[in-house]
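2 protein chains.
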Amino acid sequence: MTEIETLAQRAKAAAATLRTAKPEMRADALRRMAGNLEKCRDRLLAANAADMADAARLPEAFRKRLRVDDKVFSYMEKRLREAAALPDPVGRILEKRTMPGGLVVKRVAVPIGVIAMIYEARPNVTADAAAVALKSGNAVILKGGSEAMRSNLVLAEAMRAAVADAGLPADAIQMVPTSDRAAVAELLKQDKYIDLVIPRGGKSLIRAIEEGTRIPVLKHYDGICHQYVAADADPEMAARIIANSKCQNVAVCNALETLLVDAAAPETTVERIVAALRKNGVELRGCERFRKLVPDALPATEADWDTEYLAPVLSVRIVDGVEEAAKHIAEHGSGHTDGIITSSPELAERFVGLVDSASVLVNASTRISGGGDYGMGAVVGISTDRLHARGPVGPEQLCTYKYVAVGNGNLRE
Amino acid sequence: MTEIETLAQRAKAAAATLRTAKPEMRADALRRMAGNLEKCRDRLLAANAADMADAARLPEAFRKRLRVDDKVFSYMEKRLREAAALPDPVGRILEKRTMPGGLVVKRVAVPIGVIAMIYEARPNVTADAAAVALKSGNAVILKGGSEAMRSNLVLAEAMRAAVADAGLPADAIQMVPTSDRAAVAELLKQDKYIDLVIPRGGKSLIRAIEEGTRIPVLKHYDGICHQYVAADADPEMAARIIANSKCQNVAVCNALETLLVDAAAPETTVERIVAALRKNGVELRGCERFRKLVPDALPATEADWDTEYLAPVLSVRIVDGVEEAAKHIAEHGSGHTDGIITSSPELAERFVGLVDSASVLVNASTRISGGGDYGMGAVVGISTDRLHARGPVGPEQLCTYKYVAVGNGNLRE
Numbered sequence: 001m002t003e004i005e006t007l008a009q010r011a012k013a014a015a016a017t018l019r020t021a022k023p024e025m026r027a028d029a030l031r032r033m034a035g036n037l038e039k040c041r042d043r044l045l046a047a048n049a050a051d052m053a054d055a056a057r058l059p060e061a062f063r064k065r066l067r068v069d070d071k072v073f074s075y076m077e078k079r080l081r082e083a084a085a086l087p088d089p090v091g092r093i094l095e096k097r098t099m100p101g102g103l104v105v106k107r108v109a110v111p112i113g114v115i116a117m118i119y120e121a122r123p124n125v126t127a128d129a130a131a132v133a134l135k136s137g138n139a140v141i142l143k144g145g146s147e148a149m150r151s152n153l154v155l156a157e158a159m160r161a162a163v164a165d166a167g168l169p170a171d172a173i174q175m176v177p178t179s180d181r182a183a184v185a186e187l188l189k190q191d192k193y194i195d196l197v198i199p200r201g202g203k204s205l206i207r208a209i210e211e212g213t214r215i216p217v218l219k220h221y222d223g224i225c226h227q228y229v230a231a232d233a234d235p236e237m238a239a240r241i242i243a244n245s246k247c248q249n250v251a252v253c254n255a256l257e258t259l260l261v262d263a264a265a266p267e268t269t270v271e272r273i274v275a276a277l278r279k280n281g282v283e284l285r286g287c288e289r290f291r292k293l294v295p296d297a298l299p300a301t302e303a304d305w306d307t308e309y310l311a312p313v314l315s316v317r318i319v320d321g322v323e324e325a326a327k328h329i330a331e332h333g334s335g336h337t338d339g340i341i342t343s344s345p346e347l348a349e350r351f352v353g354l355v356d357s358a359s360v361l362v363n364a365s366t367r368i369s370g371g372g373d374y375g376m377g378a379v380v381g382i383s384t385d386r387l388h389a390r391g392p393v394g395p396e397q398l399c400t401y402k403y404v405a406v407g408n409g410n411l412r413e
Numbered sequence: 001m002t003e004i005e006t007l008a009q010r011a012k013a014a015a016a017t018l019r020t021a022k023p024e025m026r027a028d029a030l031r032r033m034a035g036n037l038e039k040c041r042d043r044l045l046a047a048n049a050a051d052m053a054d055a056a057r058l059p060e061a062f063r064k065r066l067r068v069d070d071k072v073f074s075y076m077e078k079r080l081r082e083a084a085a086l087p088d089p090v091g092r093i094l095e096k097r098t099m100p101g102g103l104v105v106k107r108v109a110v111p112i113g114v115i116a117m118i119y120e121a122r123p124n125v126t127a128d129a130a131a132v133a134l135k136s137g138n139a140v141i142l143k144g145g146s147e148a149m150r151s152n153l154v155l156a157e158a159m160r161a162a163v164a165d166a167g168l169p170a171d172a173i174q175m176v177p178t179s180d181r182a183a184v185a186e187l188l189k190q191d192k193y194i195d196l197v198i199p200r201g202g203k204s205l206i207r208a209i210e211e212g213t214r215i216p217v218l219k220h221y222d223g224i225c226h227q228y229v230a231a232d233a234d235p236e237m238a239a240r241i242i243a244n245s246k247c248q249n250v251a252v253c254n255a256l257e258t259l260l261v262d263a264a265a266p267e268t269t270v271e272r273i274v275a276a277l278r279k280n281g282v283e284l285r286g287c288e289r290f291r292k293l294v295p296d297a298l299p300a301t302e303a304d305w306d307t308e309y310l311a312p313v314l315s316v317r318i319v320d321g322v323e324e325a326a327k328h329i330a331e332h333g334s335g336h337t338d339g340i341i342t343s344s345p346e347l348a349e350r351f352v353g354l355v356d357s358a359s360v361l362v363n364a365s366t367r368i369s370g371g372g373d374y375g376m377g378a379v380v381g382i383s384t385d386r387l388h389a390r391g392p393v394g395p396e397q398l399c400t401y402k403y404v405a406v407g408n409g410n411l412r413e
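So the protein sequences, as listed, match chains A and B.
Going by my numbering, the letters in the first sequence line up with residues 1 to 413, in that order.
Going by my numbering, the letters in the second sequence line up with residues 1 to 413, in that order.
Keep in mind that a hint or two might mislead.
Unchecked claim - When the alpha-carbon atoms are kept at most 25 Å apart in a straight line, the in silico DSS-like pairs for lysine-lysine are as follows:
{"no.": "1", "chain 1": "A", "residue 1": "K96", "chain 2": "B", "residue 2": "K71"}
{"no.": "2", "chain 1": "A", "residue 1": "K96", "chain 2": "B", "residue 2": "K96"}
{"no.": "3", "chain 1": "A", "residue 1": "K192", "chain 2": "B", "residue 2": "K327"}
{"no.": "4", "chain 1": "B", "residue 1": "K327", "chain 2": "A", "residue 2": "K327"}
Stated by the list, open to error - From the derived model, a few chain B residues whose C-beta atoms are all more than 12 Å from chain A:
{"no.": "5", "residue": "E38"}
{"no.": "6", "residue": "D54"}
{"no.": "7", "residue": "A61"}
{"no.": "8", "residue": "R63"}
{"no.": "9", "residue": "E77"}
{"no.": "10", "residue": "G91"}
{"no.": "11", "residue": "E95"}
{"no.": "12", "residue": "E210"}
{"no.": "13", "residue": "A265"}
{"no.": "14", "residue": "A275"}
{"no.": "15", "residue": "E349"}
{"no.": "16", "residue": "A389"}
{"no.": "17", "residue": "T400"}
None of these hints come from the bench; they were simulated from the model.
Remember, it's a predicted structure, so these values are computed and weren't measured experimentally.
Where is the CB? At the ideal position from N, CA and C, for every residue including glycine.
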């Protein structure tokens, strides 16, 4: 038995215990995890400093994800405490009906089982994934980007100890202790023990994972997000939303990548938006029609419409009406988050009907698409898949269900 | 472009139309499908007679599934009318909350898109799958077992005409018109157009499908179903439930395959159950302890505990208590349907907590585990997967969701 197989087998045994553990024990473990995080603060920051030093030459967007500073630290701790306080997702009665023959049929939320999470070099995801998995009664196997290995090992150790202190199996949380690529391949073979793989990161990595496993995969591709500014959009609101969508954090999946402006929008609306973006140092790449309005914008190539920049760059296209906007989104978007800015509820409704993305927004920044702003608490990411869970993946999304049918001798006639 | 690729592309175009079609149009199409079925009755029965003639040498369980007699015909028609009358699953508001900043977040049910259904030579599944897919706003590509090809082509033609008459694209329902195995391989490559594959049938077929595609797969393995007769079970109820579980239809996935009897159950309970089974001609294969009670039962081998007979054969094991019963089920079951017969609500609750199957039953026949007895109407089958949908898969299960968030200029701080 390989090391990875042993690890997967232990996770399955832990999952069987977790499945029947009382909600209060899991909440207790989460509170202890937050407490242990506080205790290991200095060690974590030192480990992260070492990870950051090794990553000195990597791109700034990458380093931004890797860094654990005071803000990220507080955020991790807060998420663990929030997860402890959230209502328990396990055992929820999702449906209940009594059939004519007296059979009482209930659909009850239960944990999925063992979840393997493969993700970028982003230590806060380690804490979030452990929190969400434990909250939902699942065992989790974590495989973070190797550049974050030191940070992750400190985090995992602290969280495992907390789980054990709460009287639950420490193997509910396990970190793959090697940056060896073969470990991922080996992990993907463990369909006997692992119920779900959640990969986050580059498209090529995720594709390779999908092709290399029989375990169901819940994909977290990055996002090519759009805003469509309708002709009747409030210019000031439009400028604020677009600037926030693009600039608040350029390195994340729900940052804006393409702006669609209706051809009938007043020139002053376009000017205000452009001014807000320029103030934030955003490079604009426009279609021909946009460059007639803003001559010093760079010309956009066909590739721009399909590019997730994760950088202060924005492609801009002038479109004729909501249908053309929706068509552009269907052809070039990634189904992650797409919004409209309009003062017409009817037009908003039309857009919402036409656009088939995980999140469709009206008069809001793409950056609010996520677990926190949706009131879901900690999430493991934002699914771009259509099945099981779409959009933010929190504790409820890491449950499945079973039917419980209680009869009085009911037969099939 | 291959024939299959063209077919998949057409399904995707049809799905885009269906997604925004009014519920009433889909209900109208379903009623017309039932009407057209009635009109093609003679042609269908003739086509099925030809299919049956070709299948003369195949096993009786197989032929039973293939046959369309008056009963099966009425059943198909009834299911279509029931589907038309069911509440519309698309557009349901699954959750709604208003966040402190005024953001209104809704989770709304939407169709999955294009579903490919690969199934056995069982014409009633053709009608059920088309009904469930259309009800939920999905386009469906049907690939039924080749032995049912004549029956299926008559059915598909009738249903497509009905969809077109209702003003919807006929390509919402398409039948792969060849029994060529290469067609399935080609279908599984169409991840650009197909959102979900639902295979039913043998384990080896389903495994091959999972390994051969990047499209998400919702598996419908067959079932190794158990009943556990507790010491306090009402003997008469136990005998009735066990006989119905095993004998009402031996050829289906929710038929009983293994009986677990508590060692503390009175001998008279065992006698009653055995008498009821023998009356129905069931061959018994028991463990050593069972054979002490029933000496003329055949000895069960280890392989028996893992066998889905789909025949009038039942394996029987004596167990010591509910934990041992649950352990046997975890080791040998397929997570489909498992039940307890007891007069103790506490013991029932204990069993329900320990057994992690898609359906866990109390004092009811395994045969009632399904869409009809659960009040879900037509289903495409019973999923043995843990993700997205578990147990019966009806119109609600063939939906996904999107988040719709309506703001007033909400930004991420």
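What are the numbers of the hints the structure violates, in ascending order? 1, 4, 10, 11, 12, 15, 16, 17
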